[in-house]
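Peer 1: Residue numbers (the working numbering), protein chains in the order written: chain U, 1 to 538; chain E, 1 to 257; chain B, 1 to 256; chain C, 1 to 267; chain R, 1 to 567.
There's no promise every hint is true.
What the hints assert, rightly or not - Which residues of chain R face chain B? A partial, calculated answer using Cβ under 8 Å: (1) Gly310; (2) Thr322; (3) Lys323; (4) Trp324; (5) Leu325; (6) Leu326; (7) Val328; (8) Met342.
Simulated from the structure, these hints should not be mistaken for laboratory data.
Think of the CB as a built atom: it goes at the ideal place given N, C-alpha and C, for glycine as much as any other residue.
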Amino acid sequence: MRGRGTGEGGRVMRASVAIAALFVFVFALPVPLPASPFPQDTSAGKAVYQKWCAGCHGDNGAGDGPGAKHMIPPPRDFTGAIYQIRSTPSGQLPTDADLLRSIDEGLFGTAMPGWKTRLSDRQRRDVLAYIKTFSSFFADTTQRPQPIAYGSAPGGGGGAEALKVGRQFYDSIGCRKCHGDQGRGDGPSAPTLKDDAGHPIFAANLHENWRFNGGGTVEDIYHRLRTGLDGTPMPSFSDLLEQKFLTDEQLWRVAQYVRSLSPQEPPVVRDVVHVPLAKRLPHSPDDSAWTAVDVYWFPLVGQIIHKERWFAPAVTGVWVKAVHTADSIALRVTWDDRSASPDTSWLPFIGRVLNTLDSDDSTREQPAPWPDQLAVQFPVTIPSGMERPYFLMGSAGAPVYQWRWSSSSRTAAVAGLARGIDRFDPLGAAAGIPTQAVYDHGQWRVVFTRALASADTASQLPFRSGRAIPVAFFAWDGSNGEHGTRMAISTWYFLALDEPVPARVFISPVLAMVLTLGLGMLVVWRAQQKTSYRKGRQ
Amino acid sequence: MTGRIFNVVGAMFLLTVCSKGSQSNAAPAAPPPAPAAASDLAAAGGTITGKIKFTGTAPRNPAIDMSEEAACKAKYTTTPTEENVVAGPANALANVFVYVKSGLPAGQTFPAPATPVVLDQNGCRYHPHILGVMVGQNLEIKNSDPVLHNIKAIAKKNRPFNVSQPNAGMTKTVTFSQPEVMVNLECNVHGWMHAYAGVRSDPFFAVSQQDGSFTISGLPPGTYTIEAWHEKFGTQTATVTIAGTESKTANFTFAAH
Amino acid sequence: MRAYLRHPFWQAVGLFVLAYLVIVFVIPMLPGSAMVPSSVVLQYMATVLVGILIWVSDDEARWTTFKEPLHEVLIQPRLKLVRNGLLAAVTLVVGCLTYSQVKASVAAPPNLRSIHPAPPSQITFRGKTITLVGLENPLRKQGELAPHVAEGRRIYYQNCVPCHGDHLDGQGHFASGFNPLPANFQDNGTIAQLTESFVFWRIAKGGPGLPREGTPWNSAMPAWEDFLTEDEIWSVVLFLYDQTGWKPRTWEVTAK
Amino acid sequence: MWATNLRIIGIVLGTLALYTLIANKIPQVQSEVPHALTLGANVTPEQLVAAGDQLYHGAGGCTACHGLGTRAPNLLTDEKGLGPIGARCGKREAGKDCKAYLYESLTSPRAYVVSGYEPIMPEMGRILSPQQIWALVAFLESQSGTVDVTASDIPAASGPAASAAPAASGGGGPGIAGGSTEPMTIIRGAGCTGCHKVGTEGGAIGPNLTHVGSRLSAALIRECILKPDTRVAKGYEKFVGVMPKMFGNQLTGAQLEALVQFLSSQK
Amino acid sequence: MAHVFALVQAAADSAAAYRDFPVIGSRAAIWIAAEIHLMFAAFVLGVPIFAVVAEAIGIFGKDQRYDRLAKEFTRLLLIAYSATAIWGAVFVFLLSTLYPRFWAYLTAIFGVSMWVYVSIFFFESFTLYLYYYGWDRWKQGRAKIVHWCLGILLNIWGTAVMFIADSWLTYMMTPPRDITPETSPASIKLWHAILNHTWMPINIHRLIGNVVFGGAIVGAYASYRFLAAKTDEERAHYDWMGYVGNFIAISALIVLPFAGYWLGREIYQYDQSMGITMMGGFMSWLWVIQAFLIAVLFLAGNYYLWVGMGRIPGAERFRPYTKWLLVVLVLGALVWGTPHTMIADSRELAAMGGSHHPLLGALGVMSAKNTAVNLMILSTFLSFLLYRRANIRQVVPWAKTGTRIQAAMFVIAAGVVLFFGIRGYFVEAIVRIGYSVYQVGAVLACIVFVTVIDVLMARGAQSLGAIQWGKMPPRSQYALFILAVTFTWLMGLMGFARSGIRQHWHVWQVMQDTTPYAATPALGYAAIMISTCVLIFLSLVGFIFWLGGLAEKSTFVPSTEAPHVGH
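Whole structure, please, built from the sequences with the hints as guidance.
Peer 2: See below:
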């Protein structure tokens with residue numbers, strides 16, 4: 001038996017080694033070629049630029065391509081040669097390597113994709129050379145931009161002590177002024193922020209490091225602290241080190257602290273929210289019962305399907321937890337929002353947002369103190385097949401059941417039927433959904449509770465366990481000018497309510513096992529009978 | 001205050017040029033080696049003075065809510081306001097940057113003074129609000145507030161920068177390489193903080209004082225276009241011909257809407 | 001050892017395991033590949049199993065040898081431990097399989113949409129009836145293409161980029177929020193397979209205009225007839241083909 | 001023997017079961033029948049709304065004016081903060097509830113014209129069947145209002161023209177005026193008199209066609225029917241785009257020629 | 001029959017458009033009646049072809065076994081014939097009563113051809129009786145030839161009947177383009193309606209399909225008798241019969257896809273949206289099942305041949321090659337079964353970046369499928385060739401060269417198939433579609449030329465020993481059963497595909513189906529219906545075989561003749 005095992009193992013191993021060798025060969029082929037210093041061909045670069053870049057950055061590199069008016073942040077204006085992501089001190093030009101990195105990887109959290117997969121090495125270098133021709137600053141070749149010499153991160157970055165130090169300096173060097181006390185971009189200065197061109201700009205939400213323009217690692221964060229993001233309100237903190245107000249280690253600790261605010265990995269979308277069965281329903285958003293419940297992340301994107309479209313949603317996603325008892329369900333939706341709208345201090349910001357974006361309407365809207373809103377959407381009944389109502393708030397023929405919560409009345413959400421994006425028919429006060437909401441340092445936490453059963457089964461979804469119940473989320477950030485059809489939307493996801501395990505779950509496997517065992521024994525018995533019969537005959 | 005600083009700077013400048021001794025002016029057509037020539041011209045040149053006024057009523061400067069910054073707030077007894085329009089008595093307009101826009105001989109260069117221009121961040125406001133600085137001259141930015149300021153330059157012809165000064169006593173020295181009117185300086189932490197720096201390659205510029213007066217001196221003979229720039233009211237130009245060491249007057253009147 | 005390698009039973013087992021390893025581990029490792037969905041793994045393994053069974057049983061001698069170890073296990077007294085072990089193992093596996101089948105696990109309904117649903121033979125575009133069958137891009141006949149492509153480029157960047165992306169690969173910055181994912185025009189399975197009239201139809205009518213088989217997941221594609229004119233849509237179609245380098249499928253010319 | 005028979009039956013049943021199982025495991029998609037709606041006595045409001053929706057965006061030609069530009073009120077969106085038409089229709093005209101107002105607007109549009117707009121709306125009663133009119137009323141009411149059109153509002157269907165829904169893709173309906181080539185029947189059936197005056201009939205939105213033959217040649221008349229906006233009569237510039245462009249598709253060749261001949265003979 | 005027609009006419013005159021069938025509903029009733037009728041029809045059209053061919057071999061090859069085989073089948077035919085007629089009558093009856101308006105429409109157009117159909121049916125029946133009952137009478141010499149000609153006539157009648165019936169159903173699917181819902185059925189010219197787009201492709205497809213089907217059923221019959229046989233001689237006879245049935249079935253199967261391809265192409269040409277519905281629309285998953293069934297057919301057919309090599313002395317020479325054929329077949333089956341749009345959960349979808357696998361997705365497209373199926377056909381053909389050659393040694397002097405040429409042809413054909421398969425990924429769609437013609441052409445040319453060479457080479461070949469008929473393990477016979485069931489099921493599936501693409505139209509875009517059953521059901525439902533029909537059909541066929549056994553004892557006669565070479 002053992003010999004057999006090793007024989008098989010050896011065989012498999014040899015095969016795997018052979019396959020691995022083949023792979024090494026295949027992958028190794030392109031590797032030995034040295035990254036040859038291509039001559040930077042600006043005319044070839046121009047062709048690439050016109051084909052792939054001009055749509056957003058404009059024919060003349062002024063960041064005014066046809067796509068520009070639908071993006072916040074807007075595409076880079078190359079004529080000023082002002083670049084956010086550099087390795088050089090503030091005010092200096094970026095190095096070629098810096099620019100190439102942005103071209104290769106793109107800028108996370110923006111519309112700029114990485115081009116590594118689309119363009120060849122040569123094409124990317126050519127286009128880099130061409131981009132530099134837009135600004136006279138690059139023409140002066142006497143000044144070569146010099147990268148800052150960075151050290152490496154001190155160890156113990158994840159430790160409580162290090163984070164405490166990081167937090168201390170996070171406060172003392174004033175990060176919280178813009179990024180807020182908890183780092184959600186809700187600092188007191190946040191509403192005033194704009195970039196060099198006067199476009200609105202959000203202080204980064206430090207809890208979403210996957211959206212940091214220049215990358216989300218501790219090193220990336222540290223580099224941004226040292227260089228600043230030119231063209232944006234984010235300054236360089238290098239002077240602090242030079243003038244000995246801060247040690248290098250302390251600045252690293254700040255970077256490590258900022259990194260610690262985001263999850264280890266970017267959240268992965270799981271379609272089905274598992275809703276466990278609990279004894280007690282937590283009504284408060286900060287009830288300790290929530291800590292034991294699994295959390296689900298659903299990304300939200302701009303409503304760009306129906307007029308009036310919205311290209312710059314502020315809410316990037318919702319975190320959802322849900323539990324249910326024998327008769328009720330509680331759904332906690334958490335999302336980051338830089339202000340508890342309506343907040344008049346954000347009115348100029350809304351004005352800037354509305355000015356920056358092209359609108360479908362000919363007339364530009366005037367900013368108003370709109371509230372924050374959230375809608376949770378369900379079908380009217382649990383669908384049996386794959387079919388669902390139209391995810392964008394149903395249609396005239398197939399309405400959806402929605403809970404609409406608004407920051408202007410935090411204790412109850414209006415339940416109603418949406419028949420298309422611009423039509424919402426409330427179901428009356430009796431159908432309202434009690435909610436408890438907390439706004440805490442740039443984050444809304446809202447708990448919706450409802451009985452599983454409903455009196456009006458035709459329009460108010462009765463929740464049932466053991467079924468995939470479609471659910472979708474819509475969010476409006478009033479301080480970003482969102483209201484009406486201007487919102488962040490999600491596609492359909494699902495809630496699955498646990499049900500008490502029925503007996504058959506345990507009985508059928510046992511039954512199957514007994515049957516199998518019996519059958520197996522029969523086979524063995526027959527085989528042995530036959531042999532002994534044959535033997536007997538011999 | 002702006003005027004005072006400018007006076008100091010101007011006086012020092014004059015002192016510097018005077019100490020070199022005065023010589024007769026050379027033909028502007030063929031400028032001799034720059035530094036010497038410039039000094040000569042300055043000593044020998046004419047002067048433009050003027051008053052700047054505005055018509056209409058000045059818009060009110062918005063009050064600044066400094067509640068977020070106790071340290072700054074404590075420096076004021078009354079509610080501080082922004083400095084968008086600083087007006088003196090009888091509609092005199094201060095904080096107007098007046099400079100020679102054109103008319104100086106081409107190719108002539110002027111040395112940058114060794115003394116820096118100082119921009120102080122004090123009480124969450126910039127001092128001065130409008131300043132002039134020469135190409136290559138140091139601009140020293142210091143923070144007198146124990147709160148975070150970031151000083152961000154928005155410029156087209158010069159490299160912009162954005163550095164932070166979270167601590168009192170921090171300084172940053174910068175220079176500009178190209179003339180540019182104006183380089184905007186702002187603090188993003190405090191949205192109300194704005195300053196404007198006129199960067200010139202010649203020393204012939206001034207900022208109007210509380211009484212609206214300004215003086216540009218040391219101009220060589222020639223016909224000049226003088227421009228007055230105000231952050232809210234825009235620009236106005238005047239043409240002045242200087243012959244010899246005479247003093248000419250150029251008054252500007254802005255319309256307040 | 002060698003005897004085992006030669007024995008059809010162990011060869012068969014080895015082949016089966018090898019096939020599994022290749023499908024589950026090697027294929028995803030290949031450049032530009034991804035994990036194989038379990039449904040396909042099941043299908044492949046079933047095919048391989050049938051192939052192996054055919055191989056062991058198409059020759060009488062091999063079939064007999066193949067059955068030997070099985071038979072041995074069933075009858076040999078010295079293999080009693082193995083026999084009982086196998087019996088127990090099979091029983092357990094069956095039990096687990098049954099449990100996993102019976103146990104209530106709620107999964108999202110599968111994503112089973114036809115990627116290219118059948119187009120209607122004609123559509124109504126803002127009140128105008130357009131016959132799709134045999135329809136070609138009218139802009140191709142209007143002289144210079146370049147201005148139309150440029151127009152299409154403008155429209156694409158103003159409207160389509162958030163989902164379909166700068167690469168035209170369906171990976172725009174809003175793509176992650178939608179299901180189904182936006183179409184990837186760089187893939188040879190989308191516009192490269194379709195006539196321009198089909199693409200026109202999809203753009204004009206969007207997700208709401210999909211026939212039922214195409215929309216269990218509610219495509220987020222807007223009905224662009226609400227935003228764009230007929231010519232604008234045609235120019236976007238031109239741009240898509242121009243930018244990706246694909247050629248539209250043309251109508252077969254019926255011999256007259 | 002029986003063992004063999006059993007085995008054969010087992011094989012056959014097993015194979016069938018396997019195929020059936022696989023076919024049931026893969027995606028199950030039915031091909032549904034598109035809704036073809038006849039507005040009979042038992043029509044539901046939803047059906048009416050759906051039919052009206054189709055008409056509004058399709059054959060009714062409403063979107064030629066409503067919704068684009070400022071020629072006519074936008075009925076489906078928030079018009080000047082008043083909400084879609086369903087929300088404001090009841091408040092427009094004193095003494096008329098929403099249903100009555102909409103019906104009147106469709107059948108005799110000049111009875112009440114919203115201030116700020118020209119009286120250019122054709123009388124839809126000349127173009128659409130009563131069933132279609134009521135479907136449109138229902139659809140417009142459904143825009144933020146309550147649909148109160150019922151089957152009893154709709155006059156009993158008469159003849160094949162009662163079917164409100166356009167034929168499902170393909171086929172092609174009987175065309176305007178049932179394919180008649182009698183010019184005045186076509187003119188009435190196509191709704192020309194909604195805008196144009198022909199003899200004693202019709203409205204005054206578009207150019208009077210009573211003596212059109214003296215102004216335009218037959219070729220020009222044909223062109224104007226097929227491509228209405230290529231040449232615009234003097235004084236009617238602001239109505240560019242009002243005349244539907246679908247007549248080329250709707251009229252049969254014989255009908256078009258009959259119409260052109262008739263009009264060019266109107267000297 | 002006439003009586004039925006009178007009934008039908010009466011039904012057609014009534015006002016109701018539809019009536020309902022109790023319990024299972026109209027659609028299911030019609031479905032079952034039509035499908036079982038068609039299966040019997042295929043059987044009674046396929047078996048005469050089979051019988052005539054077998055009789056010819058008997059006459060010209062002087063092999064009495066074939067003659068008896070032919071007769072045995074003609075006897076089964078007699079009973080099957082009445083079953084066909086009964087089911088046909090049930091079908092017509094149901095159609096005319098449940099769908100009277102539609103039936104009236106069809107009769108208005110096709111009335112004349114229906115009467116022709118009925119008359120030919122009569123002629124066919126009489127020819128059949130004559131053929132069977134005259135068998136022993138016209139046994140010798142010229143009479144035998146005349147008798148054989150009767151068989152041919154029988155086939156002509158049968159084919160004519162099928163052609164006429166095909167015109168009705170192809171009209172429903174692809175009515176001539178000038179026919180609109182307003183066209184009065186009475187004004188439609190009969191010949192115009194018959195000569196519609198898909199009439200000829202369906203005729204050819206069905207003709208070949210019937211041969212395949214007949215062969216498969218014969219194979220199943222033989223395998224049953226084999227398993228039930230009590231003596232070695234009987235076993236040998238039925239082993240041989242099973243072989244012959246399988247041979248005919250697989251040979252015809254090889255060309256069937258080409259006919260199917262032609263049909264599909266005509267459908268696309270007629271109406272693109274119909275074509276897309278079929279291939280890419282709600283029926284796209286049907287082709288995954290079809291691919292699976294065809295893979296089963298190829299694997300089972302080859303398996304039967306390889307197992308059969310065990311009874312051929314000399315076959316051991318070729319044994320080592322079969323495993324490579326198996327590898328090609330399995331790889332082909334893998335490629336052919338790879339779905340383009342994969343069933344995957346969200347995690348897998350995320351990993352794949354959509355429902356198309358980035359790498360395997362390339363196997364889900366036409367180029368790969370065509371390549372796979374062409375290589376599978378080539379492999380199957382090679383299996384046959386090896387089988388054929390197993391117990392002979394060529395004596396012609398150019399045997400070695402001939403074999404080399406044959407090998408070269410295989411290599412060239414496979415090369416062409418692979419070349420165009422790979423090249424298909426780099427060209428635009430319209431060119432790619434054209435490539436399949438080259439691939440098919442290469443394969444067909446290879447088959448034809450290699451066969452010709454092989455026949456020439458086999459002249460005077462030396463035998464390596466008699467085939468030991470009957471020395472066949474039972475599991476090979478089960479393979480024949482699986483083949484028969486699969487063929488039948490596949491026929492049902494393809495019938496569903498063909499009639500399903502009309503969707504909610506009785507006559508495509510001319511006459512709409514407004515019954516509650518207008519929706520075209522999903523595959524799962526269809527599969528249940530198909531399985532039900534296949535089960536009913538097979539039970540009835542089993543009953544007929546049993547009846548045949550009652551009527552006369554087996555036709556098997558112990559052979560005393562010289563060992564048979566090949567077939």
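Peer 1: Give me the numbers of the hints this structure contradicts, sorted from smallest to largest.
Peer 2: 4, 5, 7
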